[in-house]
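Protein chains: 2
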Amino acid sequence: MVVGRPEWDNRDMEIISAIQQRLGEEAVITPGPGMDPYLTERRGLFAGNRARAVVRPADTEAVATVMQMATEHGVGVVPRGGNTGLCGGAAADDNADVILLSLERLNRIRRVDADNFTLTAEAGCLLSDLQAAAAGAERLFPLSYAAENDCQIGGNLATNAGGMNVLRYGNARDLALGLEVVLADGRIWDGLRGLRKDNSGYDLKDLFIGAEGTLGIITAATLKLFPPVRERATAIVGLNSAAAAVSLFGRLRADSGDTITSCELMGREPLSLAIAHGTGCAEPLTTSYPWYLLIDLTSSARDAALDRRLEDALSGTAEGIGDYRIATDSTMAADFWRLRNSIPGAQKGAGASIKNDVSVPVADIPAFIEAASAAVIEACPGVRPCPFGHIGDGNIHFNLTRPTTMTDAAFLEQWAPLTRRVHDIAMAYSGSFAAEHGVGQLKPGEVARLKSPVEQDLMRRLKTAFDPDDRLNPGKVVPPIGRPPSAG
Amino acid sequence: MVVGRPEWDNRDMEIISAIQQRLGEEAVITPGPGMDPYLTERRGLFAGNRARAVVRPADTEAVATVMQMATEHGVGVVPRGGNTGLCGGAAADDNADVILLSLERLNRIRRVDADNFTLTAEAGCLLSDLQAAAAGAERLFPLSYAAENDCQIGGNLATNAGGMNVLRYGNARDLALGLEVVLADGRIWDGLRGLRKDNSGYDLKDLFIGAEGTLGIITAATLKLFPPVRERATAIVGLNSAAAAVSLFGRLRADSGDTITSCELMGREPLSLAIAHGTGCAEPLTTSYPWYLLIDLTSSARDAALDRRLEDALSGTAEGIGDYRIATDSTMAADFWRLRNSIPGAQKGAGASIKNDVSVPVADIPAFIEAASAAVIEACPGVRPCPFGHIGDGNIHFNLTRPTTMTDAAFLEQWAPLTRRVHDIAMAYSGSFAAEHGVGQLKPGEVARLKSPVEQDLMRRLKTAFDPDDRLNPGKVVPPIGRPPSAG
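Top to bottom, those sequences are chains A and B. Counting from 1, position 366 in the first sequence corresponds to residue 366 in the UniProt record's numbering; the numbering is continuous, with no gaps. Counting from 1, position 291 in the second sequence corresponds to residue 291 in the UniProt record's numbering; the numbering is continuous, with no gaps.
Honestly, the hints are just simulated from the structure, not real lab data. All C-beta atoms in this analysis are idealised placements derived from N, C-alpha and C, irrespective of residue type, glycine included. Treat the hints loosely; a few may be bogus.
Counterexamples of contact, computed for chain B against chain A with all Cβ distances above 12 Å [to be verified]: (1) Asp-36; (2) Gly-178; (3) Glu-269; (4) His-277.
Label-pair distances were calculated between CB atoms; the ranges are [to be verified]: (5) Ala-379(A) to Ala-137(B): 31 to 39 Å; (6) Asp-150(B) to Asp-303(A): 36 to 44 Å; (7) Gln-21(B) to Leu-412(A): 56 to 64 Å; (8) Thr-287(B) to Leu-285(A): 33 to 41 Å; (9) Arg-22(A) to Asp-150(B): 57 to 65 Å; (10) Arg-111(B) to Ala-114(A): 36 to 44 Å; (11) Pro-37(B) to Ala-114(A): 45 to 53 Å; (12) Thr-331(B) to Asp-303(A): 24 to 32 Å; (13) Ala-114(A) to Pro-33(B): 41 to 49 Å.
SDA-like cross-link-like pairs, simulated, lysine to any residue; straight-line CA separation at most 25 Å [to be verified]: (14) Lys-451(A) to Gln-68(B); (15) Lys-355(A) to Ala-305(A); (16) Lys-451(A) to Thr-60(B); (17) Lys-355(B) to Asp-457(B); (18) Lys-348(A) to Asp-323(A); (19) Lys-463(B) to Leu-412(A); (20) Lys-451(A) to Lys-463(B); (21) Lys-355(B) to Leu-45(B).
Make the full structure from the sequences, and use the hints.
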């Protein structure tokens, strides 16, 4: 992937030296192999192996200084968190006339306010550290997903991360009450308010969230906390159709008193892959079903009787619902969850895969899966759709495993056309071609191809209003005018 | 208040005639007394008695036509919903070179999608009609407040309305998944997506919500629905301090399994006013306390045992908590709620009052109330603070009733200086001077006085980017550069 940068020019050295003078030696990674981890992109999909400097400011003022220096030197700035994004938003692009700015040293939890159910933390804090700090105050910070030990809250907010608990607690956006942001020109916007109600002007906060650092650099946030989880019930259910899963989800939401926290749909194909290639994964039910739901109910009450609620909801006769098992202890619950969490890795055991991150209205999930499966099979006979995802959010990871008769390389050449077909079908159901992983440098072409001209124009107006000289994460999210459509 | 407009000039008639030609006779209210209801502002605080025309378009395309015509004729457009706002956002300002655009004919519920837990409705739909449509599909649309039979969802979204259930379900902003918006130049942005996860570009939706029509005119929205309420428990609790209320709120949130939907704080003074001047209001407890909490737990589960949870939480010994009563039936629950709902009207019985709509972090409510009370009493001896509000949201209506020895008129002359003092103290606690009623034309001066220059600059950049010719609700929300500070 990244092979280090062959040589450094005078302009690089001039910028590095200037930053060292202003922010101290320790704020700059000097050219050499030490830079490589900062230039590597997780999947190796993006160039990212060039930047004029890698800077690690220690506080918000130093981030502001970097932006001022970017203007002085006429370069862009690529902000970078935990490097767990999958769309190249935190990697330098081909242009390479950028400073890569790592937020990792802004890692202080500034305040935990249990009475206000809030926590204020800097951008470089690890998500798992925030979860722990909340737990220490008998509170829950509910954002949770596979990369939680590596990802940083600044990146979570910049990409509006989703994860396992969105159904109950919302995306990262929904968890942020206030932000501190360094603007393109180096000014600092102090919007660190911990208020549930504030209608004293335009909603600036939500503009920066999900903008992937293209409108400003999030340096700290005040986040919502919740009561801690004191009771949990987990079940796995076999289903005869995806439509039955949609109905069961709606009924469970109501009957459980909206205590449903996760509701993960798995097709038989990805479940089979998990059982075949995952570690410690066993057939969960005695009968095989075309579809499965993995359900978690949680409550902060000590006597919520969640097991009984699950039993009541599942034992009633309802069309399309087959066997089920309710976990009798946390070990069994972990066994069920291991099936779900093994799917992404298990796909690798069956050859190359093409990943899609789409969402549609919940009610349209069955029709979407049917239409998208037919379309990709038509385009690439033998391809194995592996649909799974967060049914309550309408977020389906419509992943494709290569035909058994095809080489990995030949299959991956189909990435663009197959992905485009899946996106087209998601859009036909008023869905999204970028549900929880963002746009980065992977999908600006799809923004250009699939978003209305009006929406693209509004996006460009915002970019121009906040970053007229294109200093902030250039080339990401907003497609340049006239850029030819490409796949994402 | 409004006395009708004495005369109409040629420019008025030219604009009216042009609109009639394009949109039909029925789309225009012709000059005369029929116009008065459209030019009246509820409290009579704002001029609002002049507009070049009153237009009632029937659909989104017609709204777009009005915006195009506004450009052609060089006038502004003031969008107007149910006219229940209190900050003059929907009233014409002194300038009067505007078309007043009523959304009332855009009143179709386009779709109720129970499986997706969403509803799509046009801006002119009454809030109570949306509640009813949701209930008809066994769903809950939780936005609720006193004006719900008169207010329109477009106005709710344009002002990011709050209300009684924010603690559980969020503000209007949190309930909107997608919007349809007519832009300043008459283009239509179709952002009517019903998705829980969509990170395919900048968050445009949240810019229009709470912008009070100054960035675009919301013509339709896709809104979140929830499972219906099937069980409810209501209690009133006497407390020795506001701090005890904050602690009890935190404990109740956790112990009730986060089923707490409303948590209303009332000081003894406003409660006494309600008992003295309200209809059907009786002392709720045998002992008098300085503070009271009115608590609602709700659940969509049929066996949530909410009464028992309330009893368990309240019967435990905790500092500062006095007597309590749990409603044994819905009549008693209604009696408790009548006390809370009678406060705003009851204040009138005790003479003129000055209203504040501030928020602070929940933990700071006791200190804020103490500091603000001391400040207003110092400035106006004998003034009676009547604090009440939504404790879980940190939203205190810090209303002031005139001293018994003062005339209404003399007291109301203190509006600006007293309000400024209260706002200053809210800001000192990192609070907001406009929590749930917005800015309108009442508080742009406070925006100029209290918001940072950086934040004002970002607001102006947004206004310029989306409405460069200042056609959309001119003079509202964003303070003009150099405008002298005034009270709000």
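Taking the hints in turn, this is what the structure says about them:
no.	hint	verdict
1	Asp-36	holds (29 Å)
2	Gly-178	violated (9 Å)
3	Glu-269	holds (23 Å)
4	His-277	holds (27 Å)
5	Ala-379(A) to Ala-137(B): 31 to 39 Å	holds (38 Å)
6	Asp-150(B) to Asp-303(A): 36 to 44 Å	holds (42 Å)
7	Gln-21(B) to Leu-412(A): 56 to 64 Å	holds (60 Å)
8	Thr-287(B) to Leu-285(A): 33 to 41 Å	violated (59 Å)
9	Arg-22(A) to Asp-150(B): 57 to 65 Å	holds (58 Å)
10	Arg-111(B) to Ala-114(A): 36 to 44 Å	holds (42 Å)
11	Pro-37(B) to Ala-114(A): 45 to 53 Å	holds (49 Å)
12	Thr-331(B) to Asp-303(A): 24 to 32 Å	holds (28 Å)
13	Ala-114(A) to Pro-33(B): 41 to 49 Å	violated (58 Å)
14	Lys-451(A) to Gln-68(B)	holds (23 Å)
15	Lys-355(A) to Ala-305(A)	violated (38 Å)
16	Lys-451(A) to Thr-60(B)	holds (20 Å)
17	Lys-355(B) to Asp-457(B)	violated (29 Å)
18	Lys-348(A) to Asp-323(A)	violated (29 Å)
19	Lys-463(B) to Leu-412(A)	violated (45 Å)
20	Lys-451(A) to Lys-463(B)	holds (23 Å)
21	Lys-355(B) to Leu-45(B)	holds (13 Å)
In this structure, the hints that do not hold are numbers 2, 8, 13, 15, 17, 18 and 19, in rising order.
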